[in-house]
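Please arrange chain B on chain A, whose structure you already have, making use of the hints.
There are 2 protein chains.
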Amino acid sequence: MSSYRNPTPTVDAILQKGSKVLMVRRKKDPFKDTLALPGGFVNEGETVEDAMKREVMEETALEVEPIDILGVYSDPHRDPRMHTMTVVFVAIIIGGKEKAQDDAASLEWVELAGIEKAAFDHAQILADYRQWKGNAGSTYWSTKRRSTQVDRNY
Amino acid sequence: MSSYRNPTPTVDAILQKGSKVLMVRRKKDPFKDTLALPGGFVNEGETVEDAMKREVMEETALEVEPIDILGVYSDPHRDPRMHTMTVVFVAIIIGGKEKAQDDAASLEWVELAGIEKAAFDHAQILADYRQWKGNAGSTYWSTKRRSTQVDRNY
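Protein chains in written order, with UniProt numbering: chain A, 1 to 154; chain B, 1 to 154.
This is chain A alone, in the form it adopts within the complex (with noise of 0.2 Å):
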C-alpha cells in the first residue's frame, strides 16, 4: 500500500430537468442546512461511477446513470474536514422515485440560472456547468483559468 498521504475522492451528481438542477438540503455538517449536489465518498473496491450511482440513490431514491464526465475539483480547502477531490459526473435519471432520505434532509429542484450559494465548491462546480453546455462540453478543475476558451483544435 501506499505509504503517503493523498487526497480522499468523492464524487458529486448534476441532474437536470428542464431548467432546474437537483439539490439536498444538508442534513449534517459541514455545510449544515445548506444546498449540495447529491454525492459523497468513494469506498475502496467500488469505482466512481458506481460510487455516484450508490450516493444518489442512497440520497435521493432516483437511479442514475453517468453521461459525462464535468469536471474533478481538488482543491485542498474545497472542504473543512480534510482534502477530498471530487469527481463531477452528469447524469441522468433512468429509474426510482425521488425521496429525501440519509444525509439529505430535503430535495430541491433549483434553478440552474440562480444558484450564487452552495455547500462546498458547488456554487462554482454549476457555474462550470451552465459554461459546459454552451461549451462542447469542455471539462473543468479547481485551478483552470474560467476566462480562457479552450482551442480544440490542437
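Please note that the accuracy of each hint is not assured.
No copy is singled out in the list; a pair is fine if it fits within one copy or between any two copies.
[Said to hold, decoys possible] Cut-off 20 Å, straight-line C-alpha distance, at most; resulting in silico cross-link-like pairs (DMTMM-like, lysine to aspartate or glutamate):
1) K144 <-> E63
2) K144 <-> D50
3) K144 <-> E65
4) K97 <-> E58
5) K32 <-> E44
6) K17 <-> D33
7) K27 <-> D121
8) K117 <-> E44
No lab work stands behind these hints, which were simulated from the structure alone.
The following block gives chain B in isolation, referenced to the frame of chain A:
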C-alpha cells in the same frame, strides 16, 4: 478524517506531437520495462492538475499545462498493488527539455494508432483518447459502454 478506506488517487498525462504520444518505459514494478503514460500519485494538499504537472516534470523534465480531462479510470483491479483511480489529463508542452528521469528508464514517442499494449489500463485510455479526438471531447470512465455514442442534445 474519514475512517473509511478509499481508492488512492493518481494522475496521468497524454501529450501528443503529430501522430505520436509520449510514453515512459517504467523503471520499476508494477509493469517494469513496459510503456506507460507519464503520471503518478497525488499528494495530500496538492490539486490533481498540479500533481499531473509535477509528475510529468519529475519523469520527463517537461513543463506542461492541462487543457482537458479525458476521463477518470477507477476499476479496482487496474493496479495490482492497490485500488487506484486516475484522472487522465490531455496536456500540452509549454517548456523544458525532454529527459528521462525518476521512475522513467526512457522516454518514447509512440505512434498513437499502433499502441496495443501498455501498463495498467493505459492501452484502453489511449483507445479512448483516439475516440475522444473524433468525438468532440466526450469523457470516459472504466465501465462506460464504449459502443454507445453520447447524445449531447439532452
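Each hint, compared with the structure:
Within a single copy, K144 and E63 get their C-alpha atoms only as close as 31 Å, which misses the 20 Å cut-off; across copies the closest is 16 Å, which meets it. For the identical chains of this complex, K144 and D50 are inter-copy neighbours only, at 11 Å across copies versus 27 Å inside a copy, given an alpha-carbon limit of 20 Å. Taking CA atoms no more than 20 Å apart as the test, K144 paired with E65 passes between copies only; the shortest distance there is 10 Å, against 27 Å inside one copy. In this homomeric assembly, K97 and E58 come within 20 Å of each other (Cα to Cα) only inside a single copy, at 12 Å, whereas the closest approach across copies is 50 Å.
For a Cα distance limit of 20 Å, the shortest separation of K32 from E44 qualifies neither inside one copy, at 26 Å, nor across copies, at 25 Å. Taking the shortest alpha-carbon separations for K17 and D33, neither the intra-copy value of 23 Å nor the inter-copy value of 50 Å comes in at or below 20 Å. For a Cα distance limit of 20 Å, the shortest separation of K27 from D121 inside one copy, 18 Å, qualifies, whereas the shortest one across copies, 39 Å, does not. In this assembly of identical chains, the alpha carbons of K117 and E44 never lie at most 20 Å apart, being 31 Å within a copy and 27 Å across copies at closest.
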